[in-house]
Amino acid sequence: MTVLEGKSVFNDVCMGTISFYKRKESVIKRYKIEDTEAEIGRFEEARDEAKNQLKELYEKALEDVGEANAAIFEIHQLMLEDLDYCESIENIITAQKVNAEYAVGATADNFSAMFRAMDDAYMQGRAADVKDVSERVLKVLTNAEDGVQVLEEKVIIAADDLVPSETIQLDKEKVLGFIMQHGSANSHTAILARSMGIPAIIGLGDSLSESMDGKFAIVDGFAGKVYIEPDEATMAAMQKKQKEALERKELLQQLKDKEDITLDGTKIKIFANIGNSADVGNVLKNDARGIGLFRSEFLYLENSDYPTEEQQFIAYKTVAENMAGKKVIIRTLDIGADKQVDYFNLDKEENPALGYRAIRICLTRQDIFKTQLRALYRAAAFGNISIMFPMIISVEEVLKVKEIIKEVLDELRQEKIPFKEDVEIGIMIETPASVMVSDELAKEVDFFSVGTNDLTQYTLAIDRQNQKLEPFYNAHHKAVLRMIKMAADNAHAEGKWIGICGELGADTTLTEEFLKMGIDELSVSPSMVLEVRKRVREINLR
Amino acid sequence: MKNFKYVIKDELGIHARPAGLLVKEAGKFQSAVNLKSNGKSGDAKRIFGIMGMAIKKGDEVTVEVDGADEGEAIAALEQFFKANL
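The listed protein sequences derive, respectively, from chains P and D. Each residue of the first sequence is one higher than the one before, starting from 42 at the first, in my numbering. Each residue of the second sequence is one higher than the one before, starting from 443 at the first, in my numbering.
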């Protein structure tokens, strides 16, 4: 058994035979020609034929994947009409007295190199489009057959990466999943996999090789793994996973659009936690009613320098818009402790969990904090955003945060930049200190959200990374549950709401107890939403 | 010759799709249509030229139209930029 690891773009499991996408790449020979006029004529004819093919592909794509995804084939047509592109080819033919194939190949190389050199990931991706259109012209010139594969049985398609014209010509009925050496979450293959709802793993690199063609494999889209010739144990585990995925789909069918309500009529909101704007699809698919914790750290962890206001604004706005009016609670940066970022230049600490992290960084390095707040308040104008602050231990901290927010809003107002004024603000309850003063904190904020992982670690003084402490650890320790109850009572006394966004929120053995405490919201990982909903709907508090 | 200035509002700047639409729009007119931005210039009837300018959100673009139907063209293009970019 060989195990390959890559990045998953769709969570599901499939098993079947690997079919390596065989591409008849045109082999370009360079030879001298005499009649340059005739050679240019050959090119023009081939180009017009390629344009006709693209017109047909556009029509097909329009039906299969819709206008937005089909547009690429219109752009391909425009590329073939581009004067710079055509002139370059004609110039090479005339000046070097060479064949049209060579001129097209050389021009394609030059133009794709231009895109690859651009400092924008989106534009770099367009190099593949130049290659794709040029390859089409070359195929016409050399009378090569189109690379379309006739698939006999359902297979897992493997390739370096598929270009748009290849994905659209695949017989979708015969595709179980995709495994790609390259590609990005925005590549055409990834988009197609998501729209088809089949597992796809990209970025497998050279570990995926053509020698695997015809072999039996399992694609685990949940873990981003491909098992080639799996052993019995893996096979059994994956069959179980596939079955569970299927059951989840059925559960979803049953529980989708059902209210989060107990038998006696007590209502609770079930939201989802996400760590990246790309996770929104999972939130919606599992029918969560909102996002209870959007960890903003990914913006900082994925960058080699501080993310700009614009970058953050786009990320927050995208999520808010995709959630279409449903609540999105964004937590401000929680860097430090186990999440380290080089460019923050944080000192090494003896005791990072009790150290310089989260709100403590924000309150001392206000430039970073203000950039994030500006982005948040601007994005709030596009959806239902709430802001939440981590690691709070005192009322003074909250007052300081509110002061900074006021400054930020004054600045935005002066600069005449649109933003939303009355954004709900809340705090994480994850330190015992915040619980002990939650009566006062509740007066200053709109909501609480309990981070049970840190609250447990700080309350029990147990480091969860330390395996030796396992025997002392009790996830359901009374001390922690009493803390949550105390915070809940204090929130409700001020008419505020309280949610739980840590791991305990998804612990269905505690759901009943949380409901009794009057917890208003549970935010769990997207894959747990339906399980928790199922549990809630079984409970009778009377 | 006529011209107008426009600041790009589209989040992705002039990426492939609007570049394609712009080429089609500019192609409707006889007049030459040129874009200038960040010290670079490009022919609005050539898709690679426009994409190669890597015009981003917030960049100011000067659109120059020169030719027999420049009056009509500039009105249509100004409308196009407002609607699409």
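Rather than coming from a laboratory, the hints here were simulated on the basis of the structure. Hints are supplied without guarantee of correctness; some may be wrong.
[Claimed, not checked] Simulated restraints on C-beta separations:
| no. | chain 1 | residue 1 | chain 2 | residue 2 | range |
| --- | --- | --- | --- | --- | --- |
| 1 | D | Asn445 | P | Val436 | 56 to 62 Å |
| 2 | P | Asp504 | D | Lys447 | 33 to 39 Å |
| 3 | P | Leu192 | D | Lys447 | 51 to 57 Å |
| 4 | D | Glu514 | P | Gly82 | 31 to 37 Å |
| 5 | P | Ile74 | D | Lys470 | 34 to 40 Å |
| 6 | D | Lys482 | P | Lys73 | 25 to 31 Å |
| 7 | D | Glu514 | P | Leu192 | 27 to 33 Å |
| 8 | P | Ile302 | D | Lys447 | 39 to 45 Å |
[Claimed, not checked] Straight-line alpha carbon distances no greater than 27 Å define the calculated BS3-like cross-link-like pairs of lysine-lysine that follow:
| no. | chain 1 | residue 1 | chain 2 | residue 2 |
| --- | --- | --- | --- | --- |
| 9 | D | Lys499 | P | Lys457 |
| 10 | D | Lys466 | P | Lys461 |
| 11 | D | Lys444 | P | Lys172 |
Backbone N, C-alpha and C define an ideal beta-carbon position, used for all residues, glycine too.
Each hint tested on the structure:
For the pair Asn445(D) and Val436(P), the beta carbons lie near 58 Å from each other, so the given range of 56 to 62 Å is met. The supplied range of 33 to 39 Å is broken by Asp504(P) and Lys447(D), whose beta-carbon atoms lie about 60 Å from each other. Checked against the hint of 51 to 57 Å, the pair Leu192(P) and Lys447(D) passes, with Cβ atoms roughly 53 Å apart. One distance hint, 31 to 37 Å for the beta-carbon pair Glu514(D) and Gly82(P), holds here, with the actual separation near 35 Å.
Between Ile74(P) and Lys470(D), the C-beta spacing of about 37 Å keeps the proposed range 34 to 40 Å intact. Lys482(D) and Lys73(P) have their C-beta atoms about 37 Å apart, which leaves the hinted 25 to 31 Å range violated. Range check, Glu514(D) to Leu192(P): Cβ separation about 52 Å, and the 27 to 33 Å hint is violated. The hinted range of 39 to 45 Å is not satisfied by Ile302(P) and Lys447(D), whose Cβ atoms lie roughly 57 Å apart.
For the hint linking Lys499(D) to Lys457(P), the alpha-carbon distance of about 18 Å falls within 27 Å, and the restraint holds. Distance restraint check for Lys466(D) and Lys461(P): the Cα-Cα separation of roughly 38 Å exceeds the 27 Å cut-off, and the hinted pair is therefore not satisfied. For the proposed pair Lys444(D) and Lys172(P), the alpha carbon gap of about 37 Å is over 27 Å, so the pair is violated.
This entry does not satisfy hints 2, 6, 7, 8, 10, 11, going by the numbered hints stated previously.
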